Structure formats: C-alpha cells, structure tokens
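J.: Heads up: the protein sequence lines correspond to chains L and C, in order.
Each residue of the first sequence is one higher than the one before, starting from 1 at the first, in the working numbering.
Each residue of the second sequence is one higher than the one before, starting from 1001 at the first, in the working numbering.
No lab work stands behind these hints: they were computed from the structure.
Careful, some of the hints might be misleading.
What the hints assert, rightly or not - Below, in silico cross-link-like pairs of lysine to aspartate or glutamate (EDC-like), each with a Cα-Cα straight-line distance of 20 angstroms or less:
{"#": "1", "chain 1": "C", "residue 1": "K1216", "chain 2": "C", "residue 2": "E1248"}
{"#": "2", "chain 1": "C", "residue 1": "K1182", "chain 2": "C", "residue 2": "D1222"}
{"#": "3", "chain 1": "L", "residue 1": "K179", "chain 2": "C", "residue 2": "D1076"}
{"#": "4", "chain 1": "L", "residue 1": "K166", "chain 2": "C", "residue 2": "E1160"}
{"#": "5", "chain 1": "L", "residue 1": "K64", "chain 2": "L", "residue 2": "E40"}
{"#": "6", "chain 1": "C", "residue 1": "K1065", "chain 2": "C", "residue 2": "D1025"}
{"#": "7", "chain 1": "C", "residue 1": "K1152", "chain 2": "C", "residue 2": "E1117"}
{"#": "8", "chain 1": "C", "residue 1": "K1239", "chain 2": "C", "residue 2": "D1194"}
{"#": "9", "chain 1": "L", "residue 1": "K173", "chain 2": "C", "residue 2": "E1102"}
{"#": "10", "chain 1": "C", "residue 1": "K1058", "chain 2": "C", "residue 2": "D1029"}
{"#": "11", "chain 1": "C", "residue 1": "K1095", "chain 2": "L", "residue 2": "D165"}
{"#": "12", "chain 1": "C", "residue 1": "K1058", "chain 2": "C", "residue 2": "D1025"}
{"#": "13", "chain 1": "C", "residue 1": "K1182", "chain 2": "C", "residue 2": "D1002"}
{"#": "14", "chain 1": "L", "residue 1": "K219", "chain 2": "L", "residue 2": "E71"}
{"#": "15", "chain 1": "C", "residue 1": "K1186", "chain 2": "C", "residue 2": "D1222"}
{"#": "16", "chain 1": "C", "residue 1": "K1058", "chain 2": "C", "residue 2": "E1007"}
{"#": "17", "chain 1": "L", "residue 1": "K173", "chain 2": "C", "residue 2": "E1154"}
{"#": "18", "chain 1": "L", "residue 1": "K265", "chain 2": "C", "residue 2": "E1134"}
{"#": "19", "chain 1": "L", "residue 1": "K265", "chain 2": "C", "residue 2": "E1094"}
{"#": "20", "chain 1": "C", "residue 1": "K1112", "chain 2": "C", "residue 2": "E1102"}
{"#": "21", "chain 1": "C", "residue 1": "K1182", "chain 2": "C", "residue 2": "E1154"}
{"#": "22", "chain 1": "C", "residue 1": "K1005", "chain 2": "C", "residue 2": "E1154"}
{"#": "23", "chain 1": "C", "residue 1": "K1239", "chain 2": "C", "residue 2": "D1222"}
{"#": "24", "chain 1": "L", "residue 1": "K61", "chain 2": "L", "residue 2": "E71"}
{"#": "25", "chain 1": "L", "residue 1": "K173", "chain 2": "C", "residue 2": "D1076"}
{"#": "26", "chain 1": "L", "residue 1": "K173", "chain 2": "C", "residue 2": "E1069"}
{"#": "27", "chain 1": "L", "residue 1": "K185", "chain 2": "C", "residue 2": "E1102"}
{"#": "28", "chain 1": "L", "residue 1": "K166", "chain 2": "L", "residue 2": "D194"}
{"#": "29", "chain 1": "C", "residue 1": "K1216", "chain 2": "C", "residue 2": "D1029"}
{"#": "30", "chain 1": "L", "residue 1": "K185", "chain 2": "C", "residue 2": "E1094"}
{"#": "31", "chain 1": "L", "residue 1": "K179", "chain 2": "C", "residue 2": "E1102"}
{"#": "32", "chain 1": "C", "residue 1": "K1106", "chain 2": "C", "residue 2": "D1076"}
{"#": "33", "chain 1": "C", "residue 1": "K1220", "chain 2": "C", "residue 2": "D1243"}
{"#": "34", "chain 1": "C", "residue 1": "K1152", "chain 2": "C", "residue 2": "E1184"}
{"#": "35", "chain 1": "C", "residue 1": "K1224", "chain 2": "C", "residue 2": "E1034"}
{"#": "36", "chain 1": "L", "residue 1": "K173", "chain 2": "C", "residue 2": "E1160"}
To be verified - Derived DEER-like restraints, expressed as beta-carbon distance ranges:
{"#": "37", "chain 1": "C", "residue 1": "Q1014", "chain 2": "L", "residue 2": "H10", "range": "55 to 61 angstroms"}
{"#": "38", "chain 1": "L", "residue 1": "Y114", "chain 2": "C", "residue 2": "S1183", "range": "56 to 62 angstroms"}
{"#": "39", "chain 1": "C", "residue 1": "T1108", "chain 2": "L", "residue 2": "S120", "range": "50 to 56 angstroms"}
{"#": "40", "chain 1": "L", "residue 1": "L121", "chain 2": "C", "residue 2": "Y1167", "range": "52 to 58 angstroms"}
Every value quoted in this text rests on a predicted model; they were computed, and no experiment measured them.
C-beta atoms are modelled at their ideal positions from N, C-alpha and C, and glycine is treated no differently.
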Amino acid sequence: MKKQIYSAAHKKFIQKYRVNKAIVLTTQILILVAFILCWELLTKYEVISSFFFSSPTKIAKTIKELYNSGELFYHSAITLSETLIGFAIATGIGFLVAFVLCYNNFLRRVSEPYIVVLNSLPKIALGPIIIIWFGAGQKAIIFMCILIVVIVTTLNILNSFISCDKQLIAVAKSLGANKLQTFFKLVLPSSVKDIVATLKINVGLSWIGSIMGEYMTSKAGLGYLLKYGGQVMNLNLVMTSTVLLCIMASLMYLLVALFEKLMNKIYK
Amino acid sequence: MDIVKIENLNLIYQSVKSETKALEDINLDVQPYEFVSIVGPSGCGKTTILSLIAGLIKPTSGSIKVQGETPNPKRDICGYMFQRDNLLPWRNIEKNLYFGLEIKHKKTKENKDYACELAAKYGLGEFLKKHPHELSGGMRQRVSLIRTLALKPELLLLDEPFSALDYQTRLNLCDDIFHIIKSENKTAILVTHDIQEAISMSDRIIVLSARPGKVKAVHKLDFKPSLTPFERRNTDKAKQLFDTIWQEIQNEKANI
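If we strip away everything but chain L, and leave its shape as in the complex, we get (with noise of 0.2 angstroms):
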C-alpha cells in the first residue's frame, strides 16, 4: 500500500487521541498504586487492623515464604492445570454438541427442554454426586469445573450458528452446498468472533468451577489454600492467594484477547 500523507490536521488529531489514550492508562495505574499505599499505610498504622485485611508487605511476605517452600508454584500449578484442562474439554464438548444440534434438527428440539433445566441447575448442588462418583480428588474438580462451562459454552456458541446470515445460507443453496460445506464456508467463519467472545466467558467461568472443586474437595491448590486460610483466620494466607489467582486469571484472559485480535485481524 501506498503512504499517505497527511494534513498537518491529521497529526493533530493522532497527538491528542495519544495523549488521551495515556492519561487513561495513567489514571488507571495511579488509581492501583494509590490503593496499595492506602492499604499499606492504613494496616500500617493500625487505622484498620492488619489481622483482618492483611497488608501489602504481608502479602509479599507470604508470597516469598510460599516461593521458599515451593508451594507457590505447587499450588498455583494444581489450579491452574485444573483450570485449564476444564476449559479445553468443556469448550470442546460445547463445541461439539453446538455442531451436532445446529445440524439435526430433531435432535436440538429434543434436547432443548433438558438444555434449559441443565442450564438453570445451580451445578454446585450436585457437588456431592460428584464426589461419590468421581472420589474426593482432582478428577472431581475438574469434572466441577467441565459441568460450569460446558452449557454456557454450548447455548452461546449454538445460538451463534443459528443466527448465521439466512441469506448467505440461500447463496449457498442455490450453489447446491452440502451441509458440510455450509457449515465450514459460512456458518464456522461468521461465528468466529461470538466463538471468542464465549472464549472470554468461558475464562471466568472455569476459574469459578476449579475454585468451587477446590473449595468442595482437595488437598492443594489455590482454592484449597484459601479455604484452609479461612479456617484457621489466616488472612494472609486468603488475601495472597486471591492476588495470585487475580493473576492468574487476568494472564489467561489476556492470552484469549490476544488471541482474539489475530481473529479479527483474519476476519474482519
């Protein structure tokens, strides 16, 4: 392509859109610094008590004991490969069942009222049933974190199938398109930006199934740390714990918006 070159107008308009788009990012980060200080010196100075809220420095603190230990890679390991593992396959499992049921009709209308009940179940209560089927360990957790992930996964990427465009459906008909074909042409590409938007549900939505595993049955993990930090009114422990699966989860949802944007780039 062709450089342009612009009006002395144009420079303008780039200055000031980059010079709004920094005062945002540095608001953004005054306003975190400003929080740590006022924890810190709040904690710090007894105004709030530090036993309840913990304090920066504590957390840190922790973390470099948790680091020294080799428990902070241990547990955030465990959670993080619960997580990811109950993601994969309940994105794979919506996926697929999203497929079959845009393409059999009669099997969708079938399903729909077990879809619906599945969907408005608060999938917790069946936290016990897990347990006794998959015993009290990491293949319950996972299998918590699957049954949070997978309806949400499946509605939302049916619907998009179904919504595809009606009328690039009939330019495909009248080509004498298969359903196949339809399907990976027409309806697979023009889903592909609701697809990862559901990626980016699916992000928050598995870190909640692995914590509630956790939380129901473990013996490590983030979410066990936080129960056991609980028990024994160890705030530090809670408060690091929950800083490191802000962490966490923020880097995954970063990887799914990277992601995102090279989507985009390809379909526009």
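Following the hints, position chain C against chain L.
T.: Chain C in isolation, oriented as in the chain L frame:
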C-alpha cells in the same frame, strides 16, 4: 429447445396455521439468450418462480423443466443473483469470487483465472485484494454477478438485484449488467417490481396477477438491439408500455 419450460404449475405453501396458494396454473417458457422479466404486485410469487427454477423448492403440481430436466441446484445451469450482494465480509473480493467454485469443487487454475479475467474486464481488477466493506454498493453487486458468472451458468436468475441501491447507481448498474449479460451470451430471468427497469432490459415481460400468481399478460418488446437500457427508458414506446403494465398491476391491486 426451451431452456426453461413450465407447464400447469401450481404451488401451495404449507404452514401450521394455514396454507397459501402462491402460484396457480403457470405456463411459461424461456428461449436461449432471451431476457425475460417477471413483474407483478408484491407478494404475487415472483421470487417463488425463481426458487422453483433454481430447484430450491418443488412444485405442488405441474411440471418444470430446465434444459429438459428437473431443476437441481447441484447442476450448473442456473446462477442465482439476490437482492443483496451477499458477499462474505471476511473474504476479500478475489476469494469471494472463488466461493461458488469452492462449493462446486471447481477451483482449478483455469476457472480462477476466468473469474479474475471477468473481474478485470468489468472494472474490478484493482479491487481484488479489497474487502467488501471497502467497495460501493454498486461495485459489490457487480462482484456478486461475476461470482455467479464464474461458474459459467447458462441461465441467470436475477431476484431484484438493483432494488437495494440508490437511484443513480441503479441506472448505471442496470446498463453495466445488461452489457455483461449480453456480451457473455447468457439467458436471464429478472424478477422486479420496477416496471421501467423491466422495460429497459427485457425481450419479454410477464405480468403476474395478485396472489395466487397467474400469468395475466405477456408483452413482447422489440427495441433496437443497439439501445442501452438507459436509452430505452426515454423512448415513446417505453412510456406507452409502462402505462399499459401500470394499469394491469393497478387493476390487480384494486382486486385485492
């Protein structure tokens, strides 16, 4: 031989609440290289006729033959062009042109070159790498026609292809598409509610009655072949014919 032959065709649409008689006792034939337009009040089943010819729906009774056989979208005789351009927004123009070829498993180098040649010949050569949203409505509709032509259909089914465009673009595109269809030696059936548009392009105009659609009148047109659609519009003959067809459709509306 007739390229399309429809005899005593009836079509009834079924739905849970009622049934609708869409077409009644339609008889129609189209000769090779002819340009036939179908006009009529809205809801009279114009588009239904195209869907029947394309093989997308089956008649309730009567027969319909395209080149002597029952219509089937898997065959390569018909090219269907819709009111909307229906380009795939995530593909660039070149890849949009190949869409039909991909569906029909005909994406050979030869056919791809043919599609690009057509695009170049009709002024789209420099836009091949652009995406649909970067083109004007008229250009997109031209891409849509070339996508259809890339499959080398003998019969083009045009379903109000100009109605989504602004007036100026519509007149220009009318000339363009007429020129493309004539120079590529295609047969065409145009469905439109725009009587002037039908007069400006057709060899024959079929007027349908209000629902259920019946053939109410057939007008044969004999303009000099050298006239463009735009020039045709300004002849006295076109104005007279417009009045006649207008009256015919008006009467139908009065009957509803």
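J.: Decide, hint by hint, whether the structure agrees.
T.: Going through the hints against the structure:
no.: 1; hint: K1216(C) / E1248(C); result: holds, 8 angstroms
no.: 2; hint: K1182(C) / D1222(C); result: holds, 16 angstroms
no.: 3; hint: K179(L) / D1076(C); result: holds, 18 angstroms
no.: 4; hint: K166(L) / E1160(C); result: holds, 17 angstroms
no.: 5; hint: K64(L) / E40(L); result: holds, 18 angstroms
no.: 6; hint: K1065(C) / D1025(C); result: holds, 15 angstroms
no.: 7; hint: K1152(C) / E1117(C); result: holds, 13 angstroms
no.: 8; hint: K1239(C) / D1194(C); result: holds, 13 angstroms
no.: 9; hint: K173(L) / E1102(C); result: holds, 13 angstroms
no.: 10; hint: K1058(C) / D1029(C); result: holds, 18 angstroms
no.: 11; hint: K1095(C) / D165(L); result: holds, 19 angstroms
no.: 12; hint: K1058(C) / D1025(C); result: holds, 15 angstroms
no.: 13; hint: K1182(C) / D1002(C); result: holds, 18 angstroms
no.: 14; hint: K219(L) / E71(L); result: holds, 13 angstroms
no.: 15; hint: K1186(C) / D1222(C); result: holds, 18 angstroms
no.: 16; hint: K1058(C) / E1007(C); result: holds, 13 angstroms
no.: 17; hint: K173(L) / E1154(C); result: holds, 18 angstroms
no.: 18; hint: K265(L) / E1134(C); result: holds, 15 angstroms
no.: 19; hint: K265(L) / E1094(C); result: holds, 17 angstroms
no.: 20; hint: K1112(C) / E1102(C); result: holds, 10 angstroms
no.: 21; hint: K1182(C) / E1154(C); result: holds, 12 angstroms
no.: 22; hint: K1005(C) / E1154(C); result: holds, 15 angstroms
no.: 23; hint: K1239(C) / D1222(C); result: holds, 14 angstroms
no.: 24; hint: K61(L) / E71(L); result: holds, 14 angstroms
no.: 25; hint: K173(L) / D1076(C); result: holds, 13 angstroms
no.: 26; hint: K173(L) / E1069(C); result: holds, 19 angstroms
no.: 27; hint: K185(L) / E1102(C); result: holds, 9 angstroms
no.: 28; hint: K166(L) / D194(L); result: holds, 17 angstroms
no.: 29; hint: K1216(C) / D1029(C); result: holds, 15 angstroms
no.: 30; hint: K185(L) / E1094(C); result: holds, 15 angstroms
no.: 31; hint: K179(L) / E1102(C); result: holds, 14 angstroms
no.: 32; hint: K1106(C) / D1076(C); result: holds, 11 angstroms
no.: 33; hint: K1220(C) / D1243(C); result: holds, 15 angstroms
no.: 34; hint: K1152(C) / E1184(C); result: holds, 9 angstroms
no.: 35; hint: K1224(C) / E1034(C); result: holds, 14 angstroms
no.: 36; hint: K173(L) / E1160(C); result: holds, 18 angstroms
no.: 37; hint: Q1014(C) / H10(L): 55 to 61 angstroms; result: holds, 60 angstroms
no.: 38; hint: Y114(L) / S1183(C): 56 to 62 angstroms; result: holds, 58 angstroms
no.: 39; hint: T1108(C) / S120(L): 50 to 56 angstroms; result: holds, 53 angstroms
no.: 40; hint: L121(L) / Y1167(C): 52 to 58 angstroms; result: holds, 57 angstroms
When each numbered hint is compared with the structure, no violation occurs for any of them.
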